[in-house]
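J.: Sequence:
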Amino acid sequence: MSDDYRTERDSLGEMQVPADAYWGAQTQRAVENFPISGITFGRRFVRALGVVKKAAAQANRDLGHLDDDVADAVIEAADEVIAGDHDDQFPVDVFQTGSGTSSNMNANEVIANRAAELMGEEIGDRAVHPNDHVNFGQSSNDVIPTAMHVSALEAVEKDLLPALETLEAALDAKAEEFDGVVKTGRTHLQDATPVRLGQEFGGYRTQVEKGIGRVENVTDHLAELALGGTAVGTGLNTDPDFPELAAEYISDETGLAFREADDHFEAQAAHDAMSEAHGALRTVAGSLNKVANDLRLLASGPRNGLGELEQPENQPGSSIMPGKINPVVAEAVNQVHKQVVGNDAAVSAGAAEGQIDLNLYKPVLAHNVLQSTSMLANASEVFAERFVAKLDANEAVCTEQVERSLALATALNPAIGYDKASKVAKQALAENRTVREVAVDEGYLTEAEADEVLDPEAMTHRGILGDE
Numbered sequence: 003m004s005d006d007y008r009t010e011r012d013s014l015g016e017m018q019v020p021a022d023a024y025w026g027a028q029t030q031r032a033v034e035n036f037p038i039s040g041i042t043f044g045r046r047f048v049r050a051l052g053v054v055k056k057a058a059a060q061a062n063r064d065l066g067h068l069d070d071d072v073a074d075a076v077i078e079a080a081d082e083v084i085a086g087d088h089d090d091q092f093p094v095d096v097f098q099t100g101s102g103t104s105s106n107m108n109a110n111e112v113i114a115n116r117a118a119e120l121m122g123e124e125i126g127d128r129a130v131h132p133n134d135h136v137n138f139g140q141s142s143n144d145v146i147p148t149a150m151h152v153s154a155l156e157a158v159e160k161d162l163l164p165a166l167e168t169l170e171a172a173l174d175a176k177a178e179e180f181d182g183v184v185k186t187g188r189t190h191l192q193d194a195t196p197v198r199l200g201q202e203f204g205g206y207r208t209q210v211e212k213g214i215g216r217v218e219n220v221t222d223h224l225a226e227l228a229l230g231g232t233a234v235g236t237g238l239n240t241d242p243d244f245p246e247l248a249a250e251y252i253s254d255e256t257g258l259a260f261r262e263a264d265d266h267f268e269a270q271a272a273h274d275a276m277s278e279a280h281g282a283l284r285t286v287a288g289s290l291n292k293v294a295n296d297l298r299l300l301a302s303g304p305r306n307g308l309g310e311l312e313q314p315e316n317q318p319g320s321s322i323m324p325g326k327i328n329p330v331v332a333e334a335v336n337q338v339h340k341q342v343v344g345n346d347a348a349v350s351a352g353a354a355e356g357q358i359d360l361n362l363y364k365p366v367l368a369h370n371v372l373q374s375t376s377m378l379a380n381a382s383e384v385f386a387e388r389f390v391a392k393l394d395a396n397e398a399v400c401t402e403q404v405e406r407s408l409a410l411a412t413a414l415n416p417a418i419g420y421d422k423a424s425k426v427a428k429q430a431l432a433e434n435r436t437v438r439e440v441a442v443d444e445g446y447l448t449e450a451e452a453d454e455v456l457d458p459e460a461m462t463h464r465g466i467l468g469d470e
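Numbering (our numbering), first residue to last: 3 to 470.
Keep in mind the hints are simulated off the structure, nothing from the lab. No residue lacks a Cβ here, since even glycine has one placed at the ideal position from N, Cα and C. It is possible that some hints are incorrect.
[Said to hold, decoys possible] Label pairs and their in silico Cβ distance ranges:
#	residue 1	residue 2	range
1	GLU449	GLU397	20 to 26 Å
2	MET121	PHE97	18 to 24 Å
3	LEU14	GLY257	36 to 42 Å
4	GLU179	PRO324	28 to 34 Å
5	GLY40	ASP243	40 to 46 Å
6	GLN357	THR208	37 to 43 Å
7	PRO37	LEU299	43 to 49 Å
8	PHE97	PRO324	44 to 50 Å
Starting from the given sequences, assemble the full structure and let the hints guide the process.
T.: Pasting the structure below:
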């Protein structure tokens, strides 16, 4: 055997493991069995595994199932995992055994070997045992769904919701800034009655605000933890007081209010909470996609598009067309939406595939939910800071387009009736004139009446123009 490797053992026999690795035989088998995607679990999930293992050691110490010296070493090693000191020690592909056993054993082995080292023992000598100590009173079948919920809720509360609040604030600021800018409204992508640009941005702000509420609505179900159900939900081989105590320690570690699952059989055999959570993410992604698309349209041009917004110059837009600027940040948001929609298909399908007492899509569910949450958080921050906050209104273009809009004829309905108003609109289009010009020239309104009835700003408020 090369000095680059050491021999570790599991129930199937010996395995050669890299000498400098904290993982052991079962992790090495998984690395060799699943060379599938090259995608491994990221920071949020690895941190959650450390949180769960630390809480389990604390609870088992308090309950008298782990000696203090072993428990203290496991807790210290788990703290290092929580801090990100050993992220390179989690090499198992996301596409693995559906229970996530490989990732659970990866955590058990890394923490056990590091704990042994902290106690002055040799790595691999099992002075701290991955199963008997680190995994005491647990099963992959309850550890992995617990880590799924811990990582998902932390990602939502600490990454996504603050990012959405940043975007909401940026849109709100623009809604206020643009409130005096009157522009042409559009339905069916055709000219419609005037709106204020600030009203449109207020609509975008409200979309994000309601999205925040939708995400917050799923957090209560993510706060339920499967830990304590062990293999099938019965809790065999775990202390009756373990689930509640471990949940308290997890809450202390994360600063979030976790609790024991209402029903351990549901918590391990079905992952409806993950599907529900991702459904909220999909909806939020759709909201951001709508806003990004609208802003791209409103900023289109700069000379031969709508041109109502002036977009930031984030980077050159073309390798061949000098001076071209594209809405690249908004396009990135559009692409995130498409990825989230794809992830949602995987999550909804996987969550629906629980069989009898266990859902076997845990790793792919965790990966997709965490990826979507991270992408939406990052996209929201970037969208807010590098695009929305840097937008300006082109008031001259907005004013010109409003005056030329045939939809102004809508305000004529109460004054001269629908049929005459329709005639005015058609004549204005045919003669390339404004509605105001035709209405006055044809004698339907006086100049003073036209000023009152065809006031674009007044049309942005509820009411009947010219009505005494």
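J.: For each hint, tell me whether it holds in the structure or not.
T.: Hints, verified against the model:
1. GLU449 - GLU397: 20 to 26 Å: holds (24 Å)
2. MET121 - PHE97: 18 to 24 Å: violated (35 Å)
3. LEU14 - GLY257: 36 to 42 Å: The hint (36 to 42 Å, Cβ to Cβ) holds, given that LEU14 and GLY257 are roughly 41 Å apart.
4. GLU179 - PRO324: 28 to 34 Å: 31 Å Cβ-Cβ, so the 28 to 34 Å window holds.
5. GLY40 - ASP243: 40 to 46 Å: For GLY40 and ASP243 the Cβ distance comes to about 42 Å; the hint holds.
6. GLN357 - THR208: 37 to 43 Å: holds (42 Å)
7. PRO37 - LEU299: 43 to 49 Å: Given about 45 Å between the Cβ atoms, the range holds.
8. PHE97 - PRO324: 44 to 50 Å: holds (46 Å)
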